[in-house]
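Could you build the full structure based on these sequences and the hints that come with them?
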Amino acid sequence: MRVLLVEDEVRLADNLAAALRDGPRFAVDWAEDGLAGDEFAQNRCYDLIVLDLMLPKLDGLSVLKRLRGRQDPTPVLVLTAKEGAESIVQLLNAGADDYLAKPFDLGELIARAKALIRRGKGAAHPMLTGLALEINTLEQTVRREGVLVISRPPSTAFLST
Amino acid sequence: MHRPRVIVSKRELLEHLYDYNWEHHSNVIEAHVSNLRKKLAAAAAKSAAAGPEPAEIIETMRGRGYRLAAEAGGRSNPRSGAGPMKSPLLHRSIAFRLIVAVLAVELLSAVLVVFLSFGYERHTHFHAFDVLLFGHADSILGAVQDAEDAQDNVMLVKADLHVPPERHLRGLRLERPPAGPLTELAGRRPRPYAAAAAQPLFAVDVNGREYRIVRIYGSRVVDPGKPGGGTQRQVAILYGAPTFYVWKTIFGTVEFYAGGSLLLLLVTGPLIAWLLHRGLLPLRQLAALASKVSVDSWQFSPPANARTTPELAPLTHAIESVLQRLERSFVQQRAFVSDAAHELKTAVAVVKSSLQLLGMKSRSVEEYKAGLERCLADSLRLEEIVANMLALARQESATPGSGPEPAADLAECLRRTVAQLATIASLRGVQVEVACPASSRLSCSHR
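Order-wise, the sequence lines are chains A and B.
As numbered in our numbering, residues 195 to 355 make up the first sequence, in order.
As numbered in our numbering, residues 86 to 532 make up the second sequence, in order.
Calculated directly from the structure, the hints in this document are not laboratory data.
Here a beta-carbon is modelled for each residue, glycine too, at the ideal position from N, C-alpha and C.
The reader is advised that the hints may include incorrect statements.
[Said to hold, decoys possible] Below are the DSS-like pairs computed for lysine-lysine, each with C-alpha atoms no more than 27 Å apart in a straight line:
1. B:Lys95 to A:Lys308
2. A:Lys276 to B:Lys437
3. B:Lys430 to A:Lys259
4. B:Lys430 to A:Lys276
5. A:Lys251 to B:Lys430
6. B:Lys454 to B:Lys437
7. B:Lys333 to B:Lys311
8. B:Lys123 to B:Lys95
9. A:Lys308 to B:Lys437
10. A:Lys251 to A:Lys276
[What the hints assert, rightly or not] Simulated coverage check for chain B against chain A, where a stretch passes if three residues somewhere in it have a Cβ under 8 Å from a Cβ of chain A:
11. 420-434
12. 442-452
Next comes the structure, spelled out in structure tokens:
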């Protein structure tokens with residue numbers, strides 16, 4: 195699974211990337227500002243985008259609107275310091291799939307990320323078949339002639355397109 | 086007591102005492118009110134002054150807040166000691182006070198009109214009455230004719246009299262004047278001021294009824310055709326009439342004025358009250374709108390007449406200006422708090438995630454050490470953010486000009502800049518010199 199992390203706070207981004215890599219073994223790309231995050235999202239396919247709201251150059255809400263404006267269905271998990279109902283409603287209406295209020299629990303972040311990817315049904319990761327092999331990039335499994343050969347390999351980042 | 090009988094909500098008290106973000110479910114206000122009531126009760130027990138029960142000074146308005154009871158009977162504030170008695174009108178509305186003032190002035194005007202009309206009518210009617218008396222006395226003098234006797238006396242020819250009613254003639258006598266001044270009519274009790282013979286007018290009481298008497302002098306020459314010009318007879322006419330009818334007319338007129346004034350008062354009083362009530366409508370509307378302004382609602386749309394009325398326009402403008410400034414301040418404060426919360430939450434999220442990351446899997450001692458060092462660095466950064474925010478808050482809350490203004494030494498700054506550029510300058514063969522007074526300080530104003 196490939197996750198795009200858009201977060202301007204370097205230390206937090208380091209921790210989040212490490213947690214996503216160490217826990218569910220996701221491949222993580224990190225963008226430091228909104229413009230870079232938007233560019234990453236345009237040029238690559240991701241299973242999930244973890245998006246901070248207050249970003250330099252382009253704020254998270256604008257990134258979200260641009261994403262949905264391109265009809266990009268990638269699940270987006272927003273990290274926000276705002277907890278008011280109004281801002282949450284605004285976020286969800288703008289196209290966010292879920293949100294986490296800072297300071298959040300890393301375990302909860304990982305669980306929500308997994309859930310969002312499950313609901314996304316691996317749209318960004320098609321089933322690869324050939325040579326009698328069937329590689330499910332969503333479930334991270336490899337089958338040969340229907341028999342499970344590999345399950346949850348150490349890293350599947352190389353399989354991602 | 087600044088706001089007697091005004092209900093103050095618990096939230097307003099909390100915001101005034103602490104902060105608008107104070108936990109509203111706290112019972113701190115109830116506790117303070119309870120303590121205040123106990124202290125007031127103790128103070129009242131020591132004081133001998135009679136007054137309302139101490140527990141009633143702070144009234145609880147269920148579901149709305151608290152209210153200070155109004156001072157009964159204009160009692161002075163216990164804090165200020167025995168102060169002057171306050172008028173009960175001071176606690177009334179402006180409309181009520183204006184109406185009372187206008188009605189009082191109207192009533193006073195009516196009384197003055199009655200008194201003035203009495204004086205004027207009395208003067209006018211008695212002047213006319215005196216003219217009448219003199220006229221009748223002249224008529225009587227004209228009716229004094231030669232008696233056609235040997236002593237050359239004169240007599241009153243009643244046929245020549247042209248004075249009406251008999252009652253006017255009741256006190257009439259024709260007497261021969263003695264050598265001295267004329268004597269008064271027998272049996273009359275002249276008043277002291279009228280006793281002097283030189284007085285042409287005086288009043289007397291006749292059977293309990295007041296008469297006004299006029300006295301005129303004249304002379305008649307009997308047989309002027311005789312040698313020596315005839316005999317000259319001195320005649321003094323005293324003519325009086327009761328003043329009852331004059332007084333009756335005067336009081337009738339005064340009664341008319343008094344009745345008219347009262348009627349006018351009755352008609353104009355309600356009319357003035359209505360007009361004042363209506364005239365003060367913009368002020369009441371303005372006050373009602375202003376009372377609705379709160380921390381939650383800054384909506385203030387004064388009516389058009391409040392803007393156009395010369396007396397209210399400055400007040401309306403001032404309220405709008407103050408509210409706009411307050412709203413702007415609140416927005417800035419909220420933005421500051423929001424930004425501060427974001428910064429703090431992010432920093433806390435960094436610390437928390439660092440610690441959680443350490444616990445996600447078993448690590449070596451070195452990894453733990455490195456992780457703890459990162460956590461320490463994150464904590465220091467958090468501390469720095471808090472210090473910066475506190476400094477910023479202090480700077481924003483500081484009144485401009487209240488503290489010493491920061492200053493910079495321009496000469497020192499220039500010397501440092503030249504020193505930094507000295508290497509490049511020497512490479513390019515440029516010589517840079519500083520020509521600046523030793524004490525060139527630049528002050529930074531808050532403006």
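Consistency of the hints with the structure:
Distance check on the hinted pair: Lys95 of chain B and Lys308 of chain A sit about 47 Å apart at the alpha-carbon level, beyond 27 Å; violated. Restraint check for Lys276 of chain A and Lys437 of chain B: the C-alpha separation of about 18 Å stays at or below 27 Å, so the hint holds. At most 27 Å may separate the alpha-carbon atoms for a hinted pair to count; Lys430 of chain B and Lys259 of chain A meet this at roughly 24 Å. For the given pair, Lys430 of chain B sits about 10 Å from Lys276 of chain A by alpha-carbon distance, which is consistent with the 27 Å threshold.
Straight-line distance between C-alpha atoms of Lys251 of chain A and Lys430 of chain B comes to about 21 Å, which keeps the hinted pair within the 27 Å bound. Between Lys454 of chain B and Lys437 of chain B, the direct Cα distance comes to roughly 16 Å. Compliance with the 27 Å bound is thereby established for this hinted pair. Of the supplied pair hints, the one linking Lys333 of chain B and Lys311 of chain B is violated, its CA atoms being roughly 52 Å apart against a limit of 27 Å. The suggested pairing of Lys123 of chain B with Lys95 of chain B holds, with an alpha-carbon distance near 19 Å, which does not exceed 27 Å.
For the proposed pair Lys308 of chain A and Lys437 of chain B, the alpha carbon gap of about 21 Å is at most 27 Å, so the pair holds. Between Lys251 of chain A and Lys276 of chain A, the direct Cα distance comes to roughly 20 Å. Compliance with the 27 Å bound is thereby established for this hinted pair. Evaluation of the coverage hint for the region 420-434 of chain B: fulfilled, as 7 residues show C-beta separations to chain A shorter than 8 Å, against a requirement of three. Taking a C-beta to C-beta cut-off of 8 Å, the region 442-452 of chain B contributes 3 residues in contact with chain A, enough for the three needed, and the coverage statement holds.
The earlier numbered hints that this structure contradicts are 1 and 7.
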